[in-house]
Every structure is written in structure tokens, then in C-alpha cells.
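Colleague: Work the whole structure out from these sequences, hints included.
Sequences listed follow chains A and B, in order.
Each residue of the first sequence is one higher than the one before, counting from 987 in the working numbering.
Each residue of the second sequence is one higher than the one before, counting from 987 in the working numbering.
These are computed hints drawn from the structure, not numbers from a lab.
Since the structure is predicted, the reported quantities are computational estimates derived from the model, not experimental observations.
Glycine included, each C-beta is placed from N, C-alpha and C at the ideal position.
Just to be clear, a hint being listed does not mean it is correct.
Using C-beta positions, here's what the derived DEER-type ranges look like [unchecked claim]:
1) P1176(B) - D1130(A): 49 to 57 Å
2) R995(B) - H1213(A): 27 to 35 Å
3) E1326(A) - I1247(B): 37 to 45 Å
Computed footprint of chain B on chain A; a stretch qualifies when at least three of its residues, placed anywhere within it, have a C-beta under 8 Å from a C-beta of chain B [what the hints assert, rightly or not]:
4) 1082-1095
5) 1255-1266
6) 1276-1289
If you want the building blocks of each chain, they are given just below.
2 protein chains.
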Amino acid sequence: MPKKRKLGRGVAVVGAGLSKFGIYPKGVRGQDLFVEAYNELRSSVDKGFDPGDIDALYLGNISSDLFERQVHIAPAVANRIGIVPKPAIRFEDACAASGVAFREAIIAISSGIYDIVLAGGLEKMTNLDTTQVTEVLAAAMDPDTEIPAGETFPGIYATIATAHMAKYGTEVEDFMRLGIKNHYNGSLNPHAHFDASIPDIMKRRAASAVKKGLPEPHWADEMEFLHDPKQNPVIAWPMRLFDCSTICDGASCVLLAAEDIARNFTDKPIFVIGTGQASDYFLAERKELASIRATKLAAREAYEMAGVSPQDIKIAEVHDCFTIAELVAMEDLGFYKPGEAVKAIREGENRLDGKLPINTDGGLKAKGHPIGASGVGMVVEIFKQLRGEAGPRQVKKKDVDLGLTHNAGAHGSTIVVNIFQRR
Amino acid sequence: MPKKRKLGRGVAVVGAGLSKFGIYPKGVRGQDLFVEAYNELRSSVDKGFDPGDIDALYLGNISSDLFERQVHIAPAVANRIGIVPKPAIRFEDACAASGVAFREAIIAISSGIYDIVLAGGLEKMTNLDTTQVTEVLAAAMDPDTEIPAGETFPGIYATIATAHMAKYGTEVEDFMRLGIKNHYNGSLNPHAHFDASIPDIMKRRAASAVKKGLPEPHWADEMEFLHDPKQNPVIAWPMRLFDCSTICDGASCVLLAAEDIARNFTDKPIFVIGTGQASDYFLAERKELASIRATKLAAREAYEMAGVSPQDIKIAEVHDCFTIAELVAMEDLGFYKPGEAVKAIREGENRLDGKLPINTDGGLKAKGHPIGASGVGMVVEIFKQLRGEAGPRQVKKKDVDLGLTHNAGAHGSTIVVNIFQRR
Chain A
987 MPKKRKLGRG VAVVGAGLSK FGIYPKGVRG QDLFVEAYNE LRSSVDKGFD PGDIDALYLG
1047 NISSDLFERQ VHIAPAVANR IGIVPKPAIR FEDACAASGV AFREAIIAIS SGIYDIVLAG
1107 GLEKMTNLDT TQVTEVLAAA MDPDTEIPAG ETFPGIYATI ATAHMAKYGT EVEDFMRLGI
1167 KNHYNGSLNP HAHFDASIPD IMKRRAASAV KKGLPEPHWA DEMEFLHDPK QNPVIAWPMR
1227 LFDCSTICDG ASCVLLAAED IARNFTDKPI FVIGTGQASD YFLAERKELA SIRATKLAAR
1287 EAYEMAGVSP QDIKIAEVHD CFTIAELVAM EDLGFYKPGE AVKAIREGEN RLDGKLPINT
1347 DGGLKAKGHP IGASGVGMVV EIFKQLRGEA GPRQVKKKDV DLGLTHNAGA HGSTIVVNIF
1407 QRR
Chain B
987 MPKKRKLGRG VAVVGAGLSK FGIYPKGVRG QDLFVEAYNE LRSSVDKGFD PGDIDALYLG
1047 NISSDLFERQ VHIAPAVANR IGIVPKPAIR FEDACAASGV AFREAIIAIS SGIYDIVLAG
1107 GLEKMTNLDT TQVTEVLAAA MDPDTEIPAG ETFPGIYATI ATAHMAKYGT EVEDFMRLGI
1167 KNHYNGSLNP HAHFDASIPD IMKRRAASAV KKGLPEPHWA DEMEFLHDPK QNPVIAWPMR
1227 LFDCSTICDG ASCVLLAAED IARNFTDKPI FVIGTGQASD YFLAERKELA SIRATKLAAR
1287 EAYEMAGVSP QDIKIAEVHD CFTIAELVAM EDLGFYKPGE AVKAIREGEN RLDGKLPINT
1347 DGGLKAKGHP IGASGVGMVV EIFKQLRGEA GPRQVKKKDV DLGLTHNAGA HGSTIVVNIF
1407 QRR
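Modeller: Rendered as C-alpha cells:
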């Protein structure tokens, strides 16, 4: 039984920014995208702020080393945004890099050592080709049992997917439904990699469905398209192309302030009321494959700290590096009992107008997954949704006051869960 | 004028361990060395502890990505030492990686979210050859002004050295004296890369001088040897081979506990009473080359938090990636006025029996510089010295109750300073 954790001082998100996610030329650096995200953040802080008041930069990044042949990027970014000599730190926990940076920033403000921290992340992945990127990401696996066996992450998540299918009767169409929902949402998000402008079949179909006002779970045309092995080839069965998140470039950041000064920045701060983190073994050592234990543990810590239950959450951003990852997270976070998330998926419960909207920004699937940027990218979306500033994808029901983010590193060897409240 | 920082709750070091620093075969992983360091730590905690009580692992590492083709190493290490599902995070700020991990661990305990944190670092550098390692390290420089200009770190520190020589009349022999002192100390340290067993000329000379009881500043034979361009070639003038720290493999760790529970682990906890961190520009943008501004700022934060002055410090570990770096740190930390450290060096003030012993473990110069392990490696030495457990290199004067560590990332773009007290 883990100890009950608490924070010494409250913390709020008072500003947020995202670069456009997508494929940028080789000459564009990850730090250039961070500057773009930071500029958006600056204009989001309605009462304004002096960058000189930022006490520290907490930056997530999986491997500028292998992607950009650059290390020690945190002070370089601090320099670009004009906050030298403030402390600047890079955090790495695979795909949970900026989730961890965000959580550590909360902890630091809570300790009293800092009052205002800029937390974010960046990744410039597309300097390498898809095979090379796949190899870089596979370096986050176990060098004893996984890498030598030729595993890559589509294979790892395919294993989780087949375990889930065997245990609960989950069907490939359930994965497809999640992909359709997320592409639908992404088509409404101008920052998404697969936004409304990209000449992509899936996007055009989603956009056309939006126009027709079609509810996602009944998109028969799309389902037919997704079963077509030419349009949607198998990557690692049952994961097909449209079950995999996109390799892209991007950056994200949020401005965090101590609770007592949060309203100096904005009248609509979003408070962080719970945070949890846990680690797990590599796949071969786990007792259960159809679930990620670290998600359950991190979520329990966050719920207990926040004093809320899974049923209180009104909107969530969960780590859908693959569609199966979203499904498993829905269960491990306690939104649905094991094996029962499919029912919600089939009934469209997680679409924008559903009971519990999930990945309203398109998720990693359609918004894109520039690794280091993804964790804080989720926080940016919850911030916008809880403030009612998410534009055409804004969740419209009145009581959206409690949101959750779930960020996973690798196959869930690191999980970070955060809970947010509008007061 | 920076804000005065303080910690909410006191923190102490209650255990420490180091792997042997040196060159290991390719089959040995950085995480294997961490296990070695952790086992030493376990035996250093005299009242014992249950590894299950460790709340989190904070791990420094510059680039397992490029050195070992491995990312997400923190949960992998957590798994090796049996503390899954506890949170595990990798920190990277170039050569200050574990200095930053250590500081963040202090902040986390201070916040109240954790009570017991394992902070450490590791690096397995020697899978690559010296040219490749030099290129990896150079990736911590500015991609605009430094890398394209063909700079490497010996060149950067040679620039700082010549600036110091021009401004203060510092002589190459002053750098050599620092190298002799550190090799002398290293020869007394069984964990050092250049310990008493390595068949190395410099080591043999130092060991023989130890036997003869010679005081370092008067080692005429050694000075002659160091001027020999064959034995001690110029790397980047005025930095010669024996002015440069060693490329090697190693790991370090310390167990940190909240002040109120520290004596459950040991009757001799060493308290962390001050910590500071700052960043700086790349070299081309700095106004002053003979000094590192971030050291001054980080030190000021740490001194103010601790309520002590530089003259109160009884022993220090400073970042001597090159001999000039130690000299500049001695001035920037306030131990000596600008241009006056050379006087102390010439008078042997910083040797084991001097007024202010510095780098008693051999420093990065002779103990070795396995990048990610170095910052916490310094803490391990201060912990041992303040407890009177440093063996043949133990500083003997009675009042050694206040120690300092200074860890630099790259050319001082990141600096972390910590202050320790025996009570």
C-alpha cells in the first residue's frame, strides 16, 4: 500500500502554448518549435507577465541526442526565450518526458523554491526516416529481452492488444472506432498534424463526416476503408496504420504558478489538484498483459491527492500512441471496468458530445506524437477545454470542471497522471 | 537581484556509494555499474534500510542514447535494483546531469511528496573511441557558433585559460600544480580511475611522492615531466594531456532522507543546507571569459540559503573537467578573489593538509569523469570526508564540518552548487 502523497503548496496552470505539430524541414530545430509554442503561451496569459519572472525551465525530450545530435538543450532553449541565467533542466522518461517535466515542476513550486516555472517539451523527429525513428524509439525497450528479439513498439502494443482481445473479446473494429474518433477531433484542431488542411484520406473522410453531422460509431464507410489492406495496411496485427500515432515534430509548454499568485496572470487559472507517477517492468516480466499496472498506481496516487474518483472526471487526455493504448488506459484509469471500455467506445461515449470526452484534440493519433512534446501537449488541451477556449472542438456540456491527463513512457514503464480543476 | 530561495523541509544524505571508475568492457552496461554503486551505498547505511521504502529514483546521465544506444534508462535501473513501481526519472544537463538530479531530489523531499529518494548518475562512455566520445560531448555546445567552428571542450577551456592568463598573469605551471595535486589525491582513492594500481607514469610519480612525503607544490621532477611534450602533449594550448579529465565509465549514488527521519538510517547524517542552480549563454555571447557567471549566481543562492559565506567552507569538490576549470571555480565560488587563486595553488593551500582541501578524491582529473556520475560522485566524497570515512585521503583537521560541491554542465551553461553540514 503506497503512502498517501500530498503537495505542500497549490499550483495552477496560467498559460499554455503549442507549436503546430507536423513535418518540418531539416533546417528547423526542435528549439525553433519551442519558441513558436512559447510565443503562443505568452499571448494566452491574459494579464501578461514578465519573462524575467520565470524561475526555471523544465523541458521534456526523449532524444535530441539521436534525432538532432544535440545534448544539453535545456539551457539552449532558455537562451532562445531570453530567461538565462535561470535554471534549465531536461527530463527524459521516453514518451513521458514532458509529463515528468510537468510533474517535477509542480513539485518544485510546491516545495517553495520556485514560484513560476515554464514546463514543456519538444521533439524534432523527422530529420530521420521512419525506419531510423522506429529504431531510436525501440532503444527505450529492454536490451536483454526486447531489442534483441527484434521488437518495436507496434509489436509491443500488438501483444497488449491480442492479450486484451483474448481476455475480453475486444474486436479490431473497437480499435478502429478509436482511430476514427481521434481523427474526427484532430480535423477540428488547427495545431494537429492531421488537421483539416492535410491532403489525407482519413482526414478528408473525417472532415466530410463532420459536415454531414455523422456520429462516429456509425461511420460504416470509414470502417470499410479501415478494413482495406491497401489503404490501411497491417503494421503488427491487430495494429494497422491508422492504429498508430504519427511521427512528427512539435513543441508544447505551460506556465505554472503558485496558487497564491495564480490570479496575477489570469482570472481563469486551472489548478493542478492531483499528480501521480509510477514505473513498471519490461513486458516479459509482467504478470498481466491486458492492463498497465503503472497506470493504476499513478492514477490512484493522483485521485487520492485530489480527493476525487474516476467517475468525477469530466474530460481526459490519455496516451494513445496506439489505439489499444487508449482503450487499456480507459480501463486502468478506472473510467470503465476491465473489458467494459469497448461498450463505451461502441456507444460513442467518448466523442466530443459524449458523457466522457477523451482526446478531444485528436490525441497522439491525429494531433501527432512528437515524443517530448506529448505529455505537456495533453495539459495544453485540458487547459483550453476547462477554460472554454478549444474553438470548434470545445466540449459544450456545462459542468466540464475536472480534467485528467495520462502520459505513458514506452510500454508503460513510466506513467504520469495529473488531475486539473477549474474553480 | 535574484529572489532569496529556501527549502520547506530539511534534507540529509544518509548513505553513499560509488562504483570503481575506469574502463570497462563493452559488455558491461552503465546500469551494471549503478548496481555496484548501489550495493556500496547499502552497506554504508549503518542502521540499514528497506529498499522498498525508497520513494523515487533520480538519475543523471548525459547520453546513454549515443553511448549505449539506450534511452528510458531510469525505470530500467529501478528494475535492476528492485524498486519498481517507484517513479524513476532521468535528468540531463550535460556534465551536471547528476548534480541536477541531486538538487531536484532535495527539492522533491522538501516539497513533502517524497521522504526518501535515491539520487545518482551513471555513464558508460568507453564503448566509443576517444574521437567519438569527443564528438558526443561536443554536441552539448551551441550548434550555431561552436560546433560548426570545430570547437571541442579542450578548445573551449583553453580559451578560458588564455583569457585568465592574459587578465591575471596565470602561468601554465599553475594548471600543472592542480593536476599534480589531484593525481596525488587520486592515488589514495581506490575508486579512482587513476588509483594506486594503474600502470600510469603520472600515478607512479604521485604515489612515489606520497611515499616520500613530498609536499605537492615543490614537485620539481613532476613539473619537468609535465613540460615534456612527448610525455604530456598539448591538446589545446595551454591545456595539455594532464590538464584534461579522463574519459571513463562509472556510477554514483546517495540516499537522501527528510531531516526528521534521517537518524533512522544513521547516527551521522550529513545535512544539505544550501543549493543553487543557474544557466549561462554559450561562450560567444558572454561578456567575460576568465570567469563563469553561472557559478557565481548558483553559489550566491546556495550560500544565502545556507546562511554561510565562502570563507566558512572547510572542504570542496569542484568541477575540474580541465585544470583551468578548477582554478576559475575557486575564484567564482568566492574562496579567493579574482586572480588570487594562483597564490593559494602555489602555496599548496588546497592539498589534503592545507587550509581548504579541494578535490580530495582526485577530482574529475584523476578520479575520472564518467559524465552522468560526476555530480553525485562529488557528493559521495563530501559525505565520506565530513563523516571521517575517507581512508588514507581523510582530511585530518578537526573542524571539517562544512563542505561544498560545484558541478558544471558543458562550459558552465549549467551550474549546480550544494552546501553540506555535519551536525
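Colleague: When the hints from earlier in the document are held up against this structure, which numbers fail?
Modeller: When the structure is compared with the hints, numbers 1 and 2 turn out to be violated.
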